[in-house]
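**Student:** So the sequence lines, in the order shown, correspond to chains A and B. Residue 401 in my numbering is what sits at position 401 of the first sequence, and the numbering runs on without skipping anything. Residue 27 in my numbering is what sits at position 27 of the second sequence, and the numbering runs on without skipping anything.
Treat the hints with care, as some may be off.
Taking CB as the label site, the calculated pair distances span [as the list claims (entries may be wrong)]:
| # | chain 1 | residue 1 | chain 2 | residue 2 | range |
| --- | --- | --- | --- | --- | --- |
| 1 | B | Glu-52 | A | Pro-164 | 49 to 57 Å |
| 2 | B | Thr-51 | A | Arg-159 | 32 to 40 Å |
| 3 | A | Ile-243 | B | Arg-110 | 55 to 63 Å |
| 4 | A | Pro-164 | B | Thr-51 | 31 to 39 Å |
Here are the simulated DSSO-like cross-link-like pairs (lysine-lysine), alpha carbons at most 30 Å apart as the crow flies [unchecked claim]:
| # | chain 1 | residue 1 | chain 2 | residue 2 |
| --- | --- | --- | --- | --- |
| 5 | B | Lys-63 | A | Lys-157 |
| 6 | A | Lys-157 | B | Lys-75 |
| 7 | B | Lys-75 | B | Lys-98 |
| 8 | A | Lys-2 | A | Lys-43 |
| 9 | A | Lys-143 | A | Lys-157 |
Read the hints as simulated data drawn from the structure, not as lab findings. All C-beta atoms, glycine included, are put in the ideal place defined by N, C-alpha and C.
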Amino acid sequence: MKAWLDRFYQQESRRVLATLIRLLGDFDLAEEALHEAFAAAMKQWPEEGIPTNPRAWLVSAGRFRAIDQIRRRARHDAVLAQLAEQLAVTASDEPPEPIEDDRLRLIFTCCHPALSTDAQLALTLREVCGLTTEEVARAFLTKPATLAQRIVRAKAKIRDAGIPYEVPETSALAPRLQAVLHTIYLMFNEGYSALSGDQLLRRALADEAIRLARLLCELLPEPEAFGLLALMLLHDARREARIDSAGDLVPLEEQNRSRWHQDQIAEGRRIVLRLMYRRGYGAYTLQAAIAAVHAEAMRADDTDWKQIVGLYTVLQGIAPSPVVALNRAVAVAMAHGPAQGLALMEAIETSGELATYHLLYAAKADLLRRLERIEQARAAYERALALCEQEPERRFLRRRLATLPLSPT
Amino acid sequence: MNYLALVYYNEDIIRAMSQQEWDALNRECMACVEGLSASGHFVDGHALQATETATTVRLRDGKLTTTDGPFAETKEQLAGFYLLQARDLNEAIQLVGKIPPLRFGSVEVRPVRELQTEGNITGMVAGG
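Using the sequences and the hints given, assemble the complete structure.
**Tutor:** Listed below in structure tokens is the structure:
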């Protein structure tokens, strides 16, 4: 029974919390109510048996405990007393069954763009994913006190600025969904890209991001939600091949592809193929399609670079950015030769938009090396090194620099 | 809830406008106020004279001092305000989206706080 209850808590606590927040109109009150309801269940259920609808039971128990709590606090406060009576009245005529929309409301509220990105991430991991404050803090390499403070501030802003607990109406849905997807993708990258910190918790972040994207696809089946899910699956499939035993980054073309997770690749590809049949795909879907083309090549040499160039061209059309232009230039170099790629990179460099972006110089150095313009390659690698701050990437650049042949002069 | 929408823009952009452009922008703002009034969201609001007309007043040690200019030198200057009645922040953001200078400036949205004789919320979290 204890094990069953633990599992039940893991599966259901966020769903029950989401509904309690709607019913009680307050995050903290709802969290307290959730804990009290589960505590009551732990006591009552082993003796009296599990109720027919345990979720509804918990919501109902949580709500009445919260009302009692407010009544106790309200002895000297007319406003609170009124609130308690209001809640008691609605409690008697509303079905307590948690509804799926509440989980969507919770996601949209935690990812509200009026909250800072840090706050959105912390709140989403804490409230939607159910991580403890200590876990979230360790994952972000911050002190638990700092993180707790961040969450308290975010909740205060939700309350005081009147951020509503709702799924945005259709007219506002597209930009708000973008904000949610962005938060989920940041959460994933926080777990996937960083090489420092607690590895297990980093892993948990990537897993939570994928789980959250799945939930979002289920609750709000918008194409870009699926695009993001596919993108994360296709990247995550490479997680073990992208870092070597010394903890260094392994570039895509040098990865041992037999270590890629084929089940994730298969799922990601299925989603991408389904999305590509539709018209007007978004940026996440296109990035997923590019990742899928890489995943299809069993050897780096088999990569269909022409198709990747095509996908980057479409991506550049709908979401233009200098980073996308750089990636397109890399693909052009692979498809049509380093000279053509280099010409595109030099145009980006002239525009000055990526002047401090080390990957521009690293990519350029790579093409110069292949064109046997060794001295220029060396200068570009050195420029990249000077701009790069992440130690594993610096080690990678230094290795590349060391493999350059000595200049014939 | 009531929200105060503070409209900011870089006054240089206005100074660079022709008389026709400036008049057209003002007519747009008048239409915006009419629309917000018709839908019952407009409580109050005014455009302000440029920051050259600003005077900052302080009371220190019982002495009133005045200085020329706005409270702080910023890239964008306060140009006007709207007091809006909205259901919640989402509605306030939708309403603010109609304010014409938003195209080149920005609008800060702040919920209005009711003054109370006691138990006032600080709106700030302690220890930060």
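**Student:** Now, for every hint given, state plainly whether the structure supports it.
**Tutor:** Hint check:
At about 40 Å, the CB distance of Glu-52(B) to Pro-164(A) disagrees with the hint of 49 to 57 Å. Separation of Thr-51(B) from Arg-159(A) is about 34 Å and conforms to the stated range, judged on CB atoms against 32 to 40 Å. Separated by about 46 Å at the C-beta atoms, Ile-243(A) and Arg-110(B) break the suggested range of 55 to 63 Å. For the pair Pro-164(A) and Thr-51(B), the beta carbons lie near 35 Å from each other, so the given range of 31 to 39 Å is met.
A hinted pair counts as satisfied when its Cα atoms are at most 30 Å apart, and Lys-63(B) with Lys-157(A) does not qualify at roughly 36 Å. Proximity of Lys-157(A) to Lys-75(B) is assessed by CA-CA distance (about 26 Å); at most 30 Å being required, the pair is judged to hold. Taking the CA atoms of Lys-75(B) and Lys-98(B), the gap is about 23 Å. The hint holds against a cut of 30 Å. With a C-alpha separation of about 10 Å, the suggested pairing of Lys-2(A) with Lys-43(A) holds against the 30 Å cut-off.
Restraint check for Lys-143(A) and Lys-157(A): the C-alpha separation of about 21 Å stays at or below 30 Å, so the hint holds.
Checked against the numbered hints above, the structure breaks hints 1, 3, 5 and satisfies the rest.
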